[in-house]
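Protein chains in written order, with our numbering: chain A, 1 to 308; chain B, 309 to 684.
Hints may be right or wrong, so weigh each one.
Heads up, incomplete: computed chain A residues facing chain B, CB under 8 Å, no partners named [unchecked claim]:
1. THR89
2. ASP97
3. PHE184
4. ASP185
Just a few of them, taken from the derived set where beta-carbon distance is under 10 Å, the chain B residues facing chain A [as the list claims (entries may be wrong)]:
5. VAL325
6. VAL326
7. ARG336
8. GLY342
9. ILE386
10. PHE523
11. SER529
No lab work stands behind these hints: they were computed from the structure.
We put the CB at the ideal spot given by N, CA and C, even for glycine.
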Amino acid sequence: MASDKSAQSPAVSARGVDKSFGRIKVLDDLTVDIPRGVTYCLLGPNGSGKTTFIRAIVGMLKLNGGDLTVLGQPVSQVQTIYSRIGYMTQHKALYPDLTLQENLEFFAGLYSIEKQERERRITDLLDMVNLLEHRHRLAGDLSGGMYQRLSLACTLIHEPELLLLDEPTVGVDPRLRQTFWDYFDRLTSQGKTVLITTHLMDEAEKCKIVGYMRAGRMTAVGSPDEIKRLAGLKPRLELWLKEPEKDAARLKDLGYEIDSVDIAEGLVRIRLQSHDRIKGLLEEVAPLDMRLKEPTLEEAFLRLSEAA
Amino acid sequence: MIGMNLKVDVDPRRIGVVALRVIRQLKRDRRTIGLITFAPIVLMILFGYALSGDMSGVTLGLVDGGGHDVLKAHLEGIKDFNILYLGSESDAERLVSEGRLNGAVVLEPGEVRVLLDATSIQISNTILAAAQAGAQEEMAKLLESLASLPSQGAKSGDMSGDVNLIVTRYLFGYDLEMMDTVGPAILGLVVFFFTFINASISFIRERSQGTLEKFMVSPLSRVEMVSGYVLGFSLFTLLQSTTTLLVVTYGFGVPMRGNPLTALAVVLLLGAGALVLGSFFSNFARSEFQVVQFIPLIITPQIVLCGVWWPLQSVPEFIRPISYILPLTYAGDALRSVMLKGAGVTDILYPDLVALGVFFLVFFLAATLMLRREVG
């Protein structure tokens, strides 16, 4: 019964969490729910408390206040569910003087994974991170990106329910990064939760939910689209018109928000309330060319930061 | 609070996993293997010979007033002594006080007087020891001849026991005896030193490469982690102490009267103590550099105060309590008892093995408790 109840609870739930180092408040009344089965991105500038929050989740920090539960367990009991958590630190926590196979064997051993199963998982994971052929090389001989991939494989070896990844794709090339994301999608489709910190906006775009942290608080939470709406950003439509001035005036009268008019270029920029107003607009004017520009998360966060 | 976080469930398999990893890492570290094998030999030569008291070029005056042929022959037989034969004690006194002689021995039928230059204790001791040894030899000869007299009866039997005792001690010779006391202690010192350094550097690395933080978020408990280290390092302690024992006994002729396995057990216990001490002190260092700086603080007192090179009796009384908490004091004593006197486990149980065991347990606990602290 208890497990049923905990299975429905969020993967991580923080209520008014406070943490200070000396006089510096690193987590300030942080409240957030991280649902299960999603990729959740913690985004925010350096020093906003992302890593501290992750370390709080794994029970490495003594909180100054607030409630924090992890997979339905209060954080004071989190050590009883360590086998269900995968934690990848910014340090690539590996042994450079062991081979890839030995590193994976070691971490598998910590979770008491039987030999046959262990071998299967090692092969699968090395294949996923594209390191299968380097299996018997020393980890210390790997390049930075390869090392990062091995570190991820070591974190996944015990198939954790909750994955906490602190900047996991640093130094990983874009193609392989896509492989990672495909793998994360596979994990979430199995009901696992992936919590990621990143500086990269295009990565955050790939997450189901993005939480924007600033000065130890969660200032905005939602899907990437929701965040953009929250920041008050609208898609922009660029229209190349024969009579830009005249058309702009007419559209303005119809209630369209004109951003700018470039007479020399024949270009009119419009902020759209919603995408369904495009159809009505095209009934009014006949552009020579047009382009729809979606707002980026980066713009959204810049806007949010300014607002804060 | 700390107690609450201390996971106490212990799974031997996980300890094995850590031990296997430690062994794999050390196995690949050829330089360390070479170092732990050859360092004892170098140390042995350094300490064994440099401190052996084997002095050459000692100038000794000899005033032969007769009556001590055996003693005189003994002194003449020491090749490191340059003997100058003098006519009178006053000549000897003058030459010693002028510093032209290191000392003099005056032989008279009723008495033997040794004149020494007290400014050099080591040389004085060498001369005194040589004179005493010669006197013992003379006494032995005398008792032998007394024993051969039929009228002495049962009493001579007792005395011949004493004679044998003296003669046995005497067979070691002076130089070798120094080596004997130093050998077992070097065995302990080498194991303690290298295990301490290797263990503290290993733990520093666990911290700096982030694996410690990863352990903390795994089912591996701190007790299992430290135990795994103890187990893994023990294999190397065993390798090191075996080679050192072979060098000490075969290379330098130090006797092994007791069971070599008992000696190895003592060394293993000492090594385990050094490991947990290293693990504990790694919490106070931020880098490998700083670990090396612990050597004067941790290792040197052990060498100075363990009672091997300088007897405990010569350690000032207010410092002596430190001697009694240092593991090398007990390990040195236990090893000497096993190797030189043939002591068994029960003979060295108290205080040596008990003290080593307590030392290990105290720092095992301290090391496991400290591991978490820095992270939180």
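Do the hints match the structure? See the list:
Taking 8 Å as the C-beta cut-off, the interface hint given for THR89(A) holds, the closest approach to chain B being about 5 Å. Because the beta carbon of ASP97(A) sits about 5 Å from the nearest beta carbon in chain B, less than 8 Å, this interface hint is met. Violation of the interface hint for PHE184(A) is found here, the shortest Cβ-Cβ separation to chain B being roughly 19 Å, above the 8 Å cut-off. At a threshold of 8 Å, the smallest CB-CB gap from ASP185(A) to chain B is about 24 Å, leaving the interface hint violated.
For VAL325(B), the suggested interface contact is upheld, since its CB lies about 3 Å from the closest CB of chain A, less than 10 Å. Taking 10 Å as the C-beta cut-off, the interface hint given for VAL326(B) holds, the closest approach to chain A being about 8 Å. Hint status for ARG336(B): holds, given a least beta-carbon distance of 5 Å to chain A, under 10 Å. Below 10 Å, beta-carbon pairs count as interface contacts, and GLY342(B) has none with chain A, the closest being about 16 Å; its hint is therefore violated.
Here the hint on ILE386(B) is broken, as its CB sits about 54 Å from the closest CB of chain A, past 10 Å. Checking PHE523(B) against chain A: minimum C-beta separation of about 7 Å stays under 10 Å; hint holds. Given the 10 Å rule on beta carbons, the hint for SER529(B) holds: about 9 Å separates it from the nearest Cβ of chain A.
When the structure is compared with the earlier hints, violations turn up for hints 3, 4, 8 and 9 and for no others.
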